[in-house]
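There are 6 protein chains.
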Amino acid sequence: MKKQFIDKLSPGDKVDDLFVLSEKTMSQKKNGDNYLNFTFSDKTGDIKGVAWDNIDQIAAAAKSGDFVRVKGGISDYKGGLQLTVRQIDFCTLESVDPADFLPVTKYDPDKMFEQLKRTVEQYVTDKYLKELIQAFWDDKDFVEKFKRAPAAKKMHHAYIGGLLEHTLSMTVLVQKIAEHYKRTLNGINMSLLLTGTIFHDIGKIREFEYNYKIDYSDEGRLVSHIVIGCGIVDEKIRQVQDFPKQTEMLLKHLIVSHHGSKEFGSPEVPRTIEAVLLNHIDNIDAKMNGLREFIEKEAPDESWTSYNYMMGCHLYKGIKE
Amino acid sequence: MKKQFIDKLSPGDKVDDLFVLSEKTMSQKKNGDNYLNFTFSDKTGDIKGVAWDNIDQIAAAAKSGDFVRVKGGISDYKGGLQLTVRQIDFCTLESVDPADFLPVTKYDPDKMFEQLKRTVEQYVTDKYLKELIQAFWDDKDFVEKFKRAPAAKKMHHAYIGGLLEHTLSMTVLVQKIAEHYKRTLNGINMSLLLTGTIFHDIGKIREFEYNYKIDYSDEGRLVSHIVIGCGIVDEKIRQVQDFPKQTEMLLKHLIVSHHGSKEFGSPEVPRTIEAVLLNHIDNIDAKMNGLREFIEKEAPDESWTSYNYMMGCHLYKGIKE
Amino acid sequence: MKKQFIDKLSPGDKVDDLFVLSEKTMSQKKNGDNYLNFTFSDKTGDIKGVAWDNIDQIAAAAKSGDFVRVKGGISDYKGGLQLTVRQIDFCTLESVDPADFLPVTKYDPDKMFEQLKRTVEQYVTDKYLKELIQAFWDDKDFVEKFKRAPAAKKMHHAYIGGLLEHTLSMTVLVQKIAEHYKRTLNGINMSLLLTGTIFHDIGKIREFEYNYKIDYSDEGRLVSHIVIGCGIVDEKIRQVQDFPKQTEMLLKHLIVSHHGSKEFGSPEVPRTIEAVLLNHIDNIDAKMNGLREFIEKEAPDESWTSYNYMMGCHLYKGIKE
Amino acid sequence: MKKQFIDKLSPGDKVDDLFVLSEKTMSQKKNGDNYLNFTFSDKTGDIKGVAWDNIDQIAAAAKSGDFVRVKGGISDYKGGLQLTVRQIDFCTLESVDPADFLPVTKYDPDKMFEQLKRTVEQYVTDKYLKELIQAFWDDKDFVEKFKRAPAAKKMHHAYIGGLLEHTLSMTVLVQKIAEHYKRTLNGINMSLLLTGTIFHDIGKIREFEYNYKIDYSDEGRLVSHIVIGCGIVDEKIRQVQDFPKQTEMLLKHLIVSHHGSKEFGSPEVPRTIEAVLLNHIDNIDAKMNGLREFIEKEAPDESWTSYNYMMGCHLYKGIKE
Amino acid sequence: MKKQFIDKLSPGDKVDDLFVLSEKTMSQKKNGDNYLNFTFSDKTGDIKGVAWDNIDQIAAAAKSGDFVRVKGGISDYKGGLQLTVRQIDFCTLESVDPADFLPVTKYDPDKMFEQLKRTVEQYVTDKYLKELIQAFWDDKDFVEKFKRAPAAKKMHHAYIGGLLEHTLSMTVLVQKIAEHYKRTLNGINMSLLLTGTIFHDIGKIREFEYNYKIDYSDEGRLVSHIVIGCGIVDEKIRQVQDFPKQTEMLLKHLIVSHHGSKEFGSPEVPRTIEAVLLNHIDNIDAKMNGLREFIEKEAPDESWTSYNYMMGCHLYKGIKE
Amino acid sequence: MKKQFIDKLSPGDKVDDLFVLSEKTMSQKKNGDNYLNFTFSDKTGDIKGVAWDNIDQIAAAAKSGDFVRVKGGISDYKGGLQLTVRQIDFCTLESVDPADFLPVTKYDPDKMFEQLKRTVEQYVTDKYLKELIQAFWDDKDFVEKFKRAPAAKKMHHAYIGGLLEHTLSMTVLVQKIAEHYKRTLNGINMSLLLTGTIFHDIGKIREFEYNYKIDYSDEGRLVSHIVIGCGIVDEKIRQVQDFPKQTEMLLKHLIVSHHGSKEFGSPEVPRTIEAVLLNHIDNIDAKMNGLREFIEKEAPDESWTSYNYMMGCHLYKGIKE
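Protein chains in written order, with my numbering: chain V, 1 to 321; chain Z, 1 to 321; chain U, 1 to 321; chain W, 1 to 321; chain Y, 1 to 321; chain F, 1 to 321.
Everything labelled a hint here was simulated from the structure, so no lab data went into it.
Accuracy of the hints is not assured; some may be wrong.
[Said to hold, decoys possible] Going by beta-carbon spacing under 10 Å, a handful of chain V positions derived as facing chain U:
no.	residue
1	Ser10
2	Tyr35
3	Val223
4	His253
5	Ser257
6	Gly265
7	Arg271
[As the list claims (entries may be wrong)] Using 20 Å as the maximum straight-line C-alpha spacing, the simulated PhoX-like pairs for lysine-lysine come out as follows:
no.	chain 1	residue 1	chain 2	residue 2
8	Z	Lys317	V	Lys245
9	V	Lys287	Z	Lys262
10	V	Lys182	Z	Lys176
11	W	Lys182	Y	Lys106
12	F	Lys182	U	Lys176
13	Z	Lys182	V	Lys176
14	U	Lys262	V	Lys236
15	U	Lys106	F	Lys182
16	F	Lys182	U	Lys297
17	Z	Lys317	V	Lys182
18	Y	Lys182	W	Lys297
19	V	Lys297	Z	Lys182
20	Z	Lys71	Z	Lys106
21	Z	Lys182	V	Lys106
22	Z	Lys236	W	Lys236
23	F	Lys106	U	Lys317
24	Y	Lys182	W	Lys106
25	U	Lys317	F	Lys245
26	V	Lys287	Z	Lys111
27	V	Lys262	U	Lys297
28	Y	Lys176	W	Lys182
29	Y	Lys48	Y	Lys8
30	F	Lys106	U	Lys182
31	V	Lys236	V	Lys117
32	W	Lys317	Y	Lys182
33	V	Lys317	Z	Lys245
34	W	Lys317	Y	Lys245
35	V	Lys176	Z	Lys176
36	W	Lys245	Y	Lys245
37	V	Lys287	Z	Lys182
Built from N, CA and C at the ideal position, the CB exists for glycine as well.
Same shape as in the complex, but just chain V (with noise of 0.2 Å):
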């Protein structure tokens, strides 16, 4: 279990555990001997790395992108640290815990799964979403994916547990937001408009990897996560017995359209109200993340935040209650 993490490591430190291997290049001295530059990451960040003996023989023990174990110390070196590496050996991928290598969720993603199933439980009245909510939670295999999954690969949830963070988050703004219009706009589907909160971003556990780091997978690239959505409900509903065509399609529509627009990637605008809610309400919850993510990053005494490419401008800080 690793102990040592990049951003606790001071000058004089020794080193021994565990990191990715992100960058190894191989350099000449002036007198024409080699030696060895790297980057090492773990979840915290990164640190420059430098190995002056050995040099065959470490170079030879793990390539770009392993996760390996390393011998060394820490020095300061041109205002920031340096690790001189004596020695690394190859890990392999069981021997490691992906968490110390992800960024996670600050909840746990089992509290977080048990408050969306009551949320279920006390606002799907309808006997066929209910149905079909229950076929994903008895799915072992997609409740884990589902508790892991990130909702973005940066910008926004864009961590372990993202997905589940930010679709619970949602079906608590859904219940407020569509409570206050209910009365006027007397009919809004509750049952499907939660449906669709929980399954609008399904895709998602399959549009990326995030079994040791977090990018996109081949098949979310070039299938994307709103029509691996559609099929992963597809194959669910097969599974609930005479599920009526109307409530799939309605379902359907809102995976499709929750982007809002086609040059945001939705192949559908929002047709129906439910539809235009779910949109703005993921546009709320993805900002608000996003820009707590932000903020937490930037330098807590500057009046102004850097560029910030989600809101395409500075941000003000100056003033807090």
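Take the given structure of chain V and dock chains Z, U, W, Y and F to it, following the hints.
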């Protein structure tokens, strides 16, 4: 007091009541005689009219845009109704009740205003913002306009009292949504956000004319409600001693940026969390109200609505719980 | 069997045949008597109609959208023709031949389908894709719909059999164009490209209704033919043992990306050579067919056509060899 | 008073003068000893610096952004110059002349202001607008800022006095262009157009900070110069008795609409002839000045300039009379 | 010579004069008799016409688009005027004066052309450009077309002589504006800029047809005035010995880039100071003329105009000095 | 004749051959001595160089952009190669073979040109177009440039002979595609379409410089290949007696519109069937060649390519038959 409304007239009715004379044109019969065509309006709709006799006298009585008392009778014509006019008399503005001619909110403006005041008392804790709001509440002329102004000419909340209804609805959403994110975003400034919500559209009390019809004012078209609104807030801030410069700046930023992007008329994009939230909440409330108004006017037994310009598509109404 | 088609009627003709009653409105004469106005349609066009007598009986016989048998006569009216109606009788859907009311391809669907099958046999060499295609051919219900479906509501191939005609034409182009680039691009996957071509628009068999008129289905408007199509392919892939995951992904990518960009409704842009080619070939075939249909309807002796929405301009027809 | 400017330094010079300490970083030699790297700036450019001795003392003397007195010498390093530092002393803001550190207009602000006043006297005949302008001229604090403010952070007139230079240049163009069209357009309101020209960018006196460097102020980024400018005009209008409502509205319209379209930050598009003209004249003057500044900095003997962001292209300089 | 113009006709007038027969349709009375409906036009407007007798003879006399001599009388009909036709005779093109049917500039083309020539003499000092312009002036056919061509089909200067009027107005602006910047921009090439101004739209002499109506020519729609214009200049440059290649390139650049950006039809953006200026001056002159023409046609006593497509808004006319 | 190409050099090689001196900079060692850094180039790539001795003499021998003969040796440096320079001698343009320094087509230009001529003979039947093409073939200077010109600076066919290769490939596609649609579109004008294909990019023979490097010419940037191309065709049309005006117009239309829309630089959109086809075929051939060139340079064993600017995405290379 007007008793006969256009949407209740039937063939055979005798008419003797007030209408707006929306259109008046002189036409010629084959035999060369003149006759008059009219459109009359009230808050419930329009009706075509015709006069065959006393042409010159009737024509001289009033011009397009005037309020008139009309005497005549209703008959069928080409599948619709027609008002055959015997007499028209001009009416002064003082003699009519504008409420008979303008669409109004379904809610009681006084009750909405009281609810808004209670929300302020409960959530706005900043000393200066409380004083600022009180300065607005103490301005009788302002309060009267604030209770009457529409939020738009068409699209959403396009009726007397619409601005207050929209504003109140948004404050309810602000409480719900801001509360949801308060825990994680430690530092949503509720005093600021609520004050900004209350006054984000305040320029609309001068952007529109809404005495006898709802239309843009000259000032509205030339200066825009965003700039008018900042001026109104400026004026009241001068009445609050030592109002902090930074609070003023952040409050105006909420007004300035609430359309969310330049192409929608905001000179600056949202650059604070409060401004991002306000933009989204404004958007949701406009959409939900606009959709309700739109769908209420649609034929109830069709699966699809006519084309909706706000959403850019036909909407599906096929299923409701 | 219908014998009298609207584009062949002349003044003086007696009429006794089937039409769609497209519009029906009650009007009033000056003397207060009612009369009826109609529009009747078949696959060759529209004609106005009028009924002066037996009004109530005729009005009760059928409603807009019904198939009816009409008895009456043709006369000139305001430079066009008018059908004076004596009698209207309702007809059940079963008693009409939809082909009388729907535009159809000029080619024999069975021959087109045979040609398509031969192309597959010749060029699709991949074992799994062959099996997949065979699974489609073995599905009688599918084949029937595939032969009948239109490729659009308007713009191009907007007629019964249009989807098959468009698909077949594209496979011919694929052979020609892919062959041209095969030498230099060593590695256009013909099996994949042809299979993708055949099924790129397959969702259109459910995106449209085309029994008695061509229009979008509810599913079409809510889910889009791209997502429907992936679902149809999914279903058939389950019938092929060990269908390779990568082939499935690449085949779906061809469907998903064939509109070429997000703003045209593709959730992903083309990311393989085959997908880039398919997008262009689809585009050319749609344009060429759309232009042909458009120009055929234009006045033959004008240099310029009316405005063409597909191309965004007037087209010049001034010279042909 | 500063005498040594960066663009005039040569190898071998002794240095003892004021600079902005733009950057300061601690580095390490191979032997583990620390040394310091600097960037020093003044209005003529930047120079790299290095300190090998007295490191801790020098490092503690000042931080990035401070004004400092530097003692040392100039040498060649890697094809450029380097300032080897012996001593650094902190300087208070009061002890420096900002003009040594900020780019300034080539023209005399007082003379420009006098010319502007004469133009007003000659062309502004409207009683209320004359009074309004006089109220501005009587405000000493305003006049001082108006003479100093830049018109931009970069792009065009990005220097002290730039706003006045830009404004004056535009008033000259207004006279020329408006006169040309006056005959045909009978009714260009010269009083209004000139007053609008003078104050169209007036918000920039607060949109920027320009005491020691030119940058956006918080208010500038949050509220925008258009809204700030309307507020400044509002304030002065209150000092003019009976200022006509319509004139106020039209003057603000010139400020509000002068960017020409919403996507460029104007909440309303130009809706009067004067506003259309002002937008174009602003545009021309910004382009002409921006191009001049840009081309002056380019290598004189190349046919093409580097990429120009304002115009979106490389510019051709190949021929001049 | 035509004496009776449509805008001067009154009820009761006898008519015997030339008109364009813009429309002609055969209609049927209730009793089955045919009658004829017409629209007649001249440069002052349109009038409806009708013929009850001699139908066949009148119908055969001329077709839509022909010039005709009409005999008949004027009467009121449905609030407008109607020309009851007794006789129609075909007229050859030779027998009509096009000036009776086409809108024309208010200025004297010969005087405008003389003023343009004087400007050239005064400001164009480059030997080759002088020769080039002289080659144009020496081409009688060119000069005649240059004096007659319109600058547009609608929008601005859409009348006979409009191109010359627009060109001349621009040369005046060029003198004023270029002079203003000459001091600071040392090196505006006046010879080049003025020559480019004179010929920037020269392709319009072939882009339009303007013998009997103003419309696009086939060449205009297929090749565009920018490309036509470069060809015209090419042709004349061949007549000037040793015309410098660089001057030719820069002159064509002014023609090629004068629309300012690709989406407005310029294959290249402006890349010289002269080209930037020309684009702006063209824009101002088009806007000012277009607005004048537009406002002249508007009702004089309304504060707001109807929708203006060129500016994309309603315009405010409320105040003029 | 150059024998040593950069992509074949290895550590230990002696060098004595021609290169382009792409970059030359003087640097300083710690001890204050100067040394020289270089970049040398040929058609196969770049290599870094350094000179420690004879600095002044070597520095004076040539400047950036010159062709030089370099004597020295190759060694490893920082994981790459380095050319240690002993001597540099300037070479005149005449003494080098540009083909050693410019990328070239893989095909034989003479054979490609012969194939193009045969295609013309077979398919171009129009008398005047045949004569026009012959006039081009008879122009030795033209043919030489046509065989050498590149089709782009980067993106696609960006090498000597690229224009001819692109043009020939398109004529093959034209035959295939036009033939396919000829039956249904009765009236694709093959003579016109092929001639247009051959000359659609002909302006590129002057839009680029391609003697010693491929770059835009001044004329190319200022006038654009579309306008240059029309001028070239104009010139040759003058050599064909009685060339029909309409054919000229339609041929130029193919050149003018072949980019498909204004924002891509075509002053007019395609308005004939031939122009629509040409635009699509140009697009396909550019994409296919651009993708080939791009993928050839990518690492062979990765599933995904680096970012491709032409397609706006990463491309998937995972499967090939």
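Check: Within a Cα-Cα threshold of 20 Å, do Lys317(Z) and Lys182(V) meet the stated pairing?
Finding: Given pair Lys317(Z), Lys182(V) holds - Cα atoms ~16 Å apart, limit 20 Å.
Item checked: Agreement of Lys106(U) and Lys182(F) with the hint, judged by alpha carbon distance not exceeding 20 Å -> holds (16 Å)
Margin query: So if I understand the rule, the pair passes when the alpha-carbon distance is 20 Å or less; does Lys182(F) with Lys297(U) pass?
Written below: Since the Cα atoms of Lys182(F) and Lys297(U) sit roughly 18 Å apart, the hinted pair holds (cutoff 20 Å).
Next item on the list: Would you check the hint for Lys236(V) and Lys117(V), treating anything up to 20 Å between C-alpha atoms as holding?
Entry: Status holds; Cα separation ~17 Å.
Next item on the list: With a cut-off of 20 Å on the C-alpha distance, tell me whether Lys48(Y) and Lys8(Y) pass.
Entry: holds (14 Å)
Item checked: Given pair status - Lys297(U), Lys262(V), alpha carbons within 20 Å -> violated (32 Å)
Note to self: Just to be careful, I want the Cα atoms of Lys297(V) and Lys182(Z) compared with a cutoff of 20 Å; is the pair within it?
What the structure shows: holds (18 Å)
Check: Hint check: is the beta carbon of His253(V) less than 10 Å from a beta carbon of chain U?
Finding: Nearest chain U Cβ about 4 Å off; hint holds.
Notebook entry, point to check: Straight-line Cα separation of Lys176(Y) and Lys182(W) no greater than 20 Å?
Noted result: Between Lys176(Y) and Lys182(W) the Cα gap is close to 15 Å, so the pair holds against 20 Å.
Item checked: Restraint status (C-alpha distance of Lys287(V) to Lys111(Z) at most 20 Å) -> Violated, at roughly 34 Å.
Notebook entry, point to check: With 10 Å as the cut and Cβ atoms as the points, is Val223(V) at the interface with chain U?
Noted result: holds (5 Å)
Check: Holds or violated: Lys182(V) with Lys176(Z), Cα cutoff 20 Å?
Finding: Holds, at about 15 Å.
Against the hints set out earlier in the document, violations occur for numbers 1, 2, 14, 20, 23, 26, 27, 36.
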